[in-house]
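Since the structure of chain S is already known, use the hints to place chain C on it.
2 protein chains.
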Amino acid sequence: MTLEIRNVAIQDTYGERFQHCWGCGPKNDLGLHLKTYPSVEGTSCISRIKVDQQYTGGVPANLFGGMIAVIFDCHGTASAAWFAHHQKGLELTAETVIGRFITAHLEVDYLSPTPIDDEIVVTSTLEELGERKAIVSMEMSVAGKVRAKAKMVAVAVKDNM
Amino acid sequence: MTLEIRNVAIQDTYGERFQHCWGCGPKNDLGLHLKTYPSVEGTSCISRIKVDQQYTGGVPANLFGGMIAVIFDCHGTASAAWFAHHQKGLELTAETVIGRFITAHLEVDYLSPTPIDDEIVVTSTLEELGERKAIVSMEMSVAGKVRAKAKMVAVAVKDNM
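As given, the protein sequences belong to chains S and C, one line each in that order.
Numbered according to our numbering, the first sequence spans residues 1 to 161.
Numbered according to our numbering, the second sequence spans residues 162 to 322.
One chain only, chain S, in its complex shape (with noise of 0.2 Å):
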């Protein structure tokens, strides 16, 4: 998939206060540092990762499901972020006009087996907009194959939980 996306990635724009994500804050030392790009036109968002061997499943040649319900779930929060301030012409800043997203709920569909030794591709699209809600669905590949999907609502917050 080729997409022409922004040069600024949606976790970057985070206050200090929420970029502490295990997944894809900035300011976690020892975390995965995800970073999800808006498409130019800003109707999708797009990550790519490549994980340690360490973040194997049952079996060492697969990625664990539990990390790719880890990288839908920071690529969805991001997404649901860009994809509410975008919408209604917002820019996204530290301040998150409308709030930094978290999650309600996630599902993951486990299509076929996801190589641990490539680069993940993980793409979304808004499905609906609510006030303080986005439902987002997102698409894992890893070759050009698609091996998960997901769908996340996610709501706003201003505070620190």
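There may be inaccurate statements among the hints.
What the hints assert, rightly or not - Stretches of chain S that chain C covers, calculated by requiring three or more beta carbons in the stretch to come under 8 Å of a beta carbon on chain C:
#1 6-19
#2 99-109
As the list claims (entries may be wrong) - Now the in silico label distances, taken between C-beta atoms and shown as ranges:
#3 S/93 - C/310: 30 to 38 Å
#4 C/290 - S/8: 27 to 35 Å
#5 C/188 - S/129: 43 to 51 Å
#6 S/41 - C/188: 43 to 51 Å
#7 S/3 - C/270: 29 to 37 Å
Please keep in mind that the hints were generated in silico from the structure rather than gathered at the bench.
C-beta atoms are modelled at their ideal positions from N, C-alpha and C, and glycine is treated no differently.
Showing chain C alone in chain S's frame:
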């Protein structure tokens, strides 16, 4: 919740070829080593785990939602293997007569923030059992309060996928 539990963790009964999971594999040196125990009467399973401070969500006080899915994923597949064998009067051994279970579908409802500095307790029960498929319901509590619920559809595999 005080459950009388058996003294062998389900993950320790898997064959060596299935023990590499980052979340619960005894053979993964860098993993979390989640352990799941069946109750004495065999109708529920329980895992208890305390995770490192690095596995925070966006804000430092709360557990990362992706890590909540990780814990449900390992707890659920272990529970599915246990329930499937136990209901047919079979022992779980390295040969896994029916198979090791992998996730086909996982859905998580995040009900309230999960503090990261306390023990996490996950329980499961069997909802439905087919020939090679199990549906498992799960609940995660910290400090006596339910923080998240999950449902998994797991399927049995015999080989290395």
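- Query: What are the numbers of the hints the structure violates, in ascending order?
  - Reply: 4
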